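Taken in order, these protein sequences are the chains called A and B. All residue numbers for the first sequence refer to the numbering used here, where the first residue is 1 and numbers rise by one. All residue numbers for the second sequence refer to the numbering used here, where the first residue is 1 and numbers rise by one.
Just to be clear, a hint being listed does not mean it is correct.
Covered by chain A, according to a simulated footprint, are these stretches of chain B (three or more residues, beta-carbon under 8 Å) [said to hold, decoys possible]:
1) 47 to 57
2) 78 to 86
Simulated restraints, written as ranges between beta carbons of each label pair [claimed, not checked]:
3) A/75 <-> B/49: 45 to 53 Å
4) A/159 <-> B/148: 43 to 51 Å
5) B/190 <-> A/172: 54 to 62 Å
6) A/256 <-> B/146: 53 to 61 Å
7) A/42 <-> B/146: 49 to 57 Å
8) A/119 <-> B/47: 15 to 23 Å
9) B/116 <-> A/42: 57 to 65 Å
10) A/119 <-> B/190: 32 to 40 Å
11) B/36 <-> A/42: 50 to 58 Å
Calculated directly from the structure, the hints in this document are not laboratory data. As the structure is a prediction and not an experimental result, all values here were calculated from the model. Note that beta-carbon positions come from the ideal geometry of N, C-alpha and C, so glycine has one too.
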Amino acid sequence: MQDPAAGHLATQATSSFTEHLQRSRPELLPFNQTLPAGHIPPVPHGTTIVALSYPGGVLVAGDRRATMGNVIASRHIEKVFPADEYSVLGIAGTAGLAIDIIRLFQVELEHYEKIEGTLLSLDGKANRLGAMIRGNLGMAMQGLAVIPLFAGFDLVSGVGRLFSYDVTGGRYEEIEHHSVGSGSVFARGALKKLWRPNLTEDEAVAVAMEALYDAADDDSATGGPDPVRQLWPVVYTVNRAGARRISERELAAVAGSIVESRAVAGREA
Amino acid sequence: MTQQFYVSPEQLMKDRADFARKGIARGRSVVVISGADGIALVAENPSPSLHKIGEIYDKIAFAAVGKYNEFESLRQAGVRYADVRGYSYDREDVTARGLASVYAQSLGAVFTAEQKPFEVELAVAEVGRTQEQDHLYRLTFDGSIADEKGFVVMGGVAEQVAGVVAAGWHADLGLADVLRLAVKALATDKEVDALPGTAVEAAVLDRSSESGRGSRRAFRRLRAEEITQLLTGEA
Numbered sequence: 001m002q003d004p005a006a007g008h009l010a011t012q013a014t015s016s017f018t019e020h021l022q023r024s025r026p027e028l029l030p031f032n033q034t035l036p037a038g039h040i041p042p043v044p045h046g047t048t049i050v051a052l053s054y055p056g057g058v059l060v061a062g063d064r065r066a067t068m069g070n071v072i073a074s075r076h077i078e079k080v081f082p083a084d085e086y087s088v089l090g091i092a093g094t095a096g097l098a099i100d101i102i103r104l105f106q107v108e109l110e111h112y113e114k115i116e117g118t119l120l121s122l123d124g125k126a127n128r129l130g131a132m133i134r135g136n137l138g139m140a141m142q143g144l145a146v147i148p149l150f151a152g153f154d155l156v157s158g159v160g161r162l163f164s165y166d167v168t169g170g171r172y173e174e175i176e177h178h179s180v181g182s183g184s185v186f187a188r189g190a191l192k193k194l195w196r197p198n199l200t201e202d203e204a205v206a207v208a209m210e211a212l213y214d215a216a217d218d219d220s221a222t223g224g225p226d227p228v229r230q231l232w233p234v235v236y237t238v239n240r241a242g243a244r245r246i247s248e249r250e251l252a253a254v255a256g257s258i259v260e261s262r263a264v265a266g267r268e269a
Numbered sequence: 001m002t003q004q005f006y007v008s009p010e011q012l013m014k015d016r017a018d019f020a021r022k023g024i025a026r027g028r029s030v031v032v033i034s035g036a037d038g039i040a041l042v043a044e045n046p047s048p049s050l051h052k053i054g055e056i057y058d059k060i061a062f063a064a065v066g067k068y069n070e071f072e073s074l075r076q077a078g079v080r081y082a083d084v085r086g087y088s089y090d091r092e093d094v095t096a097r098g099l100a101s102v103y104a105q106s107l108g109a110v111f112t113a114e115q116k117p118f119e120v121e122l123a124v125a126e127v128g129r130t131q132e133q134d135h136l137y138r139l140t141f142d143g144s145i146a147d148e149k150g151f152v153v154m155g156g157v158a159e160q161v162a163g164v165v166a167a168g169w170h171a172d173l174g175l176a177d178v179l180r181l182a183v184k185a186l187a188t189d190k191e192v193d194a195l196p197g198t199a200v201e202a203a204v205l206d207r208s209s210e211s212g213r214g215s216r217r218a219f220r221r222l223r224a225e226e227i228t229q230l231l232t233g234e235a
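Please work from the sequences and hints to get the whole structure.
Printed below as a string of structure tokens:
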């Protein structure tokens, strides 16, 4: 006779935290909600995220502004987070959903690592994130879209890699650099001119800050560096040693030199 | 139709307990020791991949003896419990006490209701900021739970092993000392003085993982070379 307890456990055997929640606690998932008919009131939206690669790693940076219509909802929101030891992600779009999806994704990766005793491959992580974004498609159709930018260090091939997504969960590997969010058009223009092969890590941080500065210059929903409140973008690098948040002190210096050099140039842009 | 003989509840429980005890006694021992730098979990285990020790959550680890399939399913259930709890409340709200009481309930339910009890013994350890805040729980096959101070020893010759640990343990042992004590204790029923580094599985819950490694996850598995190095190195 089949042991009922053992049978129950075998059907529960999944290494995915999201699948486990779907089965046992679906109400905890940030997506999969059926929204009632009606108008969704204004909610905070996160804006620009940039990412670029450099030899030996990748970098993701995001500004600190969230907007709600014409109102600045937050000046110090953080939209870039480490997903695990070797990957980071930034999310643009509906802030409330984005932050919960990041939290879910972080637990998803850690859960897999604990259950299986090994790290998920970088492609595996990118696919899991795609599945979550696809899960949010219903909400996206109601206007609550969430668009991530994912970057990680591939321990097997020894390079940093970048992935962008669309609302349907489509996953696209990007080379060199990419940006998402309302200011992404301006940030991408800056990245095209400033990115070059063989950037050092410090130069890559400066390029990302410049791109965010340009995005903030032309997009009202993107926040620039704020020397009054001492607020700087959130910048994470990932290399073979793991993910690292660039310190406020370093960012203040980089932001200072950008403002200074532009003031000295004295040009329109 | 065959008629079942009457068996008294006392006899039934005793038979089940004897059955579980016999299963556990066949296994090799595991020791969990709290020290100045954190909690060390050490098991006699020649396999580098079939673990007896595992990470449950930021500050919580798990160690088990007995049947692999049974304690592995309990470990996975523990990871699920902790991750769901941490996700729905907050990471701080996951405690060893909560986890241990869930384990106690499952083990107790299986012991009385299922065809056979689980042949396992578990330890749930939570590292605190200071040694007084460490928690060590020991769970037996029938769902009994005990809050232990300083160390937990489980497995086949637990009493002898516990004797050695009790004789050598004091609160301010460092990581290398704790490891040496554990390895010496695990070798009590053997001819050798201490087990070699390759025959043990060891992990630590670092007391200062945030400042030391910049990680809120205190659990760290020790590699065989690292174990050998700690065992031979002068402390």
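What hint numbers does the structure not satisfy? none
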